[in-house]
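Chains as they are written, first to last, in the numbering used here: chain A, 1 to 214; chain B, 1 to 214.
Treat the hints as calculated values from the structure; they're not laboratory data.
Label pairs and their in silico Cβ distance ranges:
| no. | chain 1 | residue 1 | chain 2 | residue 2 | range |
| --- | --- | --- | --- | --- | --- |
| 1 | B | SER33 | A | GLY123 | 50 to 60 Å |
| 2 | B | ASN26 | A | CYS140 | 26 to 36 Å |
| 3 | A | LEU25 | B | LYS50 | 31 to 41 Å |
| 4 | B | ALA162 | A | VAL168 | 37 to 47 Å |
Simulated pairs of lysine-lysine, DSBU-like, Cα-Cα distance not exceeding 30 Å:
| no. | chain 1 | residue 1 | chain 2 | residue 2 |
| --- | --- | --- | --- | --- |
| 5 | B | LYS110 | A | LYS182 |
| 6 | A | LYS110 | B | LYS182 |
| 7 | A | LYS12 | B | LYS29 |
| 8 | A | LYS50 | B | LYS44 |
| 9 | A | LYS121 | B | LYS121 |
| 10 | B | LYS182 | A | LYS50 |
| 11 | B | LYS35 | A | LYS182 |
| 12 | B | LYS182 | A | LYS71 |
| 13 | B | LYS44 | A | LYS35 |
| 14 | B | LYS12 | A | LYS29 |
| 15 | A | LYS12 | B | LYS110 |
| 16 | B | LYS50 | A | LYS182 |
| 17 | A | LYS44 | B | LYS173 |
| 18 | A | LYS44 | B | LYS182 |
| 19 | A | LYS12 | B | LYS182 |
| 20 | A | LYS50 | A | LYS12 |
| 21 | A | LYS182 | B | LYS71 |
| 22 | A | LYS35 | A | LYS71 |
| 23 | A | LYS12 | B | LYS44 |
| 24 | A | LYS82 | B | LYS182 |
| 25 | B | LYS173 | B | LYS82 |
| 26 | A | LYS12 | B | LYS71 |
| 27 | B | LYS173 | A | LYS12 |
| 28 | A | LYS182 | B | LYS130 |
| 29 | A | LYS110 | B | LYS12 |
| 30 | B | LYS12 | A | LYS173 |
| 31 | A | LYS182 | B | LYS29 |
| 32 | B | LYS12 | A | LYS182 |
| 33 | B | LYS12 | A | LYS35 |
| 34 | A | LYS130 | B | LYS182 |
On a predicted model such as this, the values are computed, not experimentally measured, just so you know.
Even glycine gets a Cβ: it sits at the ideal position worked out from N, Cα and C.
Protein chains: 2
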Amino acid sequence: MIPKKIPAPVSKRLALYHRCVNTLLNSGKDTTSSKELGERLSLKATQIRKDLSYFGDFGKRGMGYDLNYLKESLERVLGINKHWNIGIVGAGNIGMALSNYQGLTREGYKVVALFDRNPSKVGNFVGTQKIPIYSLDDICEKIRELSIEIGVIAVPANHAQAVADKLVECEIKGIVNFAPVKLYLDSVALEDVDISTSFKALTFRIQGGSCGGT
Amino acid sequence: MIPKKIPAPVSKRLALYHRCVNTLLNSGKDTTSSKELGERLSLKATQIRKDLSYFGDFGKRGMGYDLNYLKESLERVLGINKHWNIGIVGAGNIGMALSNYQGLTREGYKVVALFDRNPSKVGNFVGTQKIPIYSLDDICEKIRELSIEIGVIAVPANHAQAVADKLVECEIKGIVNFAPVKLYLDSVALEDVDISTSFKALTFRIQGGSCGGT
Numbered sequence: 001m002i003p004k005k006i007p008a009p010v011s012k013r014l015a016l017y018h019r020c021v022n023t024l025l026n027s028g029k030d031t032t033s034s035k036e037l038g039e040r041l042s043l044k045a046t047q048i049r050k051d052l053s054y055f056g057d058f059g060k061r062g063m064g065y066d067l068n069y070l071k072e073s074l075e076r077v078l079g080i081n082k083h084w085n086i087g088i089v090g091a092g093n094i095g096m097a098l099s100n101y102q103g104l105t106r107e108g109y110k111v112v113a114l115f116d117r118n119p120s121k122v123g124n125f126v127g128t129q130k131i132p133i134y135s136l137d138d139i140c141e142k143i144r145e146l147s148i149e150i151g152v153i154a155v156p157a158n159h160a161q162a163v164a165d166k167l168v169e170c171e172i173k174g175i176v177n178f179a180p181v182k183l184y185l186d187s188v189a190l191e192d193v194d195i196s197t198s199f200k201a202l203t204f205r206i207q208g209g210s211c212g213g214t
Numbered sequence: 001m002i003p004k005k006i007p008a009p010v011s012k013r014l015a016l017y018h019r020c021v022n023t024l025l026n027s028g029k030d031t032t033s034s035k036e037l038g039e040r041l042s043l044k045a046t047q048i049r050k051d052l053s054y055f056g057d058f059g060k061r062g063m064g065y066d067l068n069y070l071k072e073s074l075e076r077v078l079g080i081n082k083h084w085n086i087g088i089v090g091a092g093n094i095g096m097a098l099s100n101y102q103g104l105t106r107e108g109y110k111v112v113a114l115f116d117r118n119p120s121k122v123g124n125f126v127g128t129q130k131i132p133i134y135s136l137d138d139i140c141e142k143i144r145e146l147s148i149e150i151g152v153i154a155v156p157a158n159h160a161q162a163v164a165d166k167l168v169e170c171e172i173k174g175i176v177n178f179a180p181v182k183l184y185l186d187s188v189a190l191e192d193v194d195i196s197t198s199f200k201a202l203t204f205r206i207q208g209g210s211c212g213g214t
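Modelling step: build the complete structure from the supplied sequences, incorporating the hints.
As structure tokens, then:
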């Protein structure tokens, strides 16, 4: 039961709230407030209350938010109360790094396959989970067979659009793009991961441009 | 001449504006408007005008923004009109991927060294730029010698805090943390890169929770 018409920036903030809620739970807390979340995330408490109100009445006035209930609700809304099968296109450094990234597994994202066009890589297995590398030629078949819902683009920039088109052809549900290039896609949810954004935010702050926390 | 007291969320949006401005310039445009930027980034035009107004009078009413001037100004504010030297701790998959990531180089971020505690990796060179891998024991010396300003943490979660403490001891200016763990630091600018945030935003949208573009 997810409400419609929630702007994209809100969804980004919900993922931040989820991360912060986990940190608070791990530190042994049971409840939090929009003020506390706001201080930790450098957001206004009013913004946080407004964002969370999209999903019903989470908090009781003056009582704060129950962290476990908030976590559950955010996970339902963010779609991480279920498991998602991921296929990574490109068994290079980024693909390998993602295959072994604990931060994905523990959130319910499971890398079940890698795809590469290099015959010397196809047939190998990656990491402790022994994830198989398949040929890019077999991608649509494997996406169906393994119920892969999310495709990750981890190929060089000049190949990224062709891979994206292929994933759309295979009827993937969503794409996460690590290639530093703008992709043109219809009808499929797309998230660009631009690593340089974090570096820019950092250097901005080193130069004295921020008053906020981390 | 960077104004003080700009909230952290604004700095994140400035990096988004910079990316979008580059895309528009590459598509052959000369000017843009807060409306156009807003549509592309799923933000309100008023928000964009407010953010940009922190840095003086960019746009003329009714005339829009000159893209080249906007790009220059954003680069000055974000600290990417200069080069930044980067040292990566951890010559594993993430470290290797970052060493070869075009999206950093072209924004003025230069990886000049990797550090690892594995003796079999020390002394090797990485990627087309032949970036040297040094011993973690020599990190403070190399940070001084090579004028490294930004340290990247690309080690497993359980080693991340120790590496962060070491970087602070070496008087690094800022840290970008790729380990999926919360770090506790005083006095040094820190940016966490949580890859799972992008996946959460994507699955939220796959489930029908967004109305925005990419």
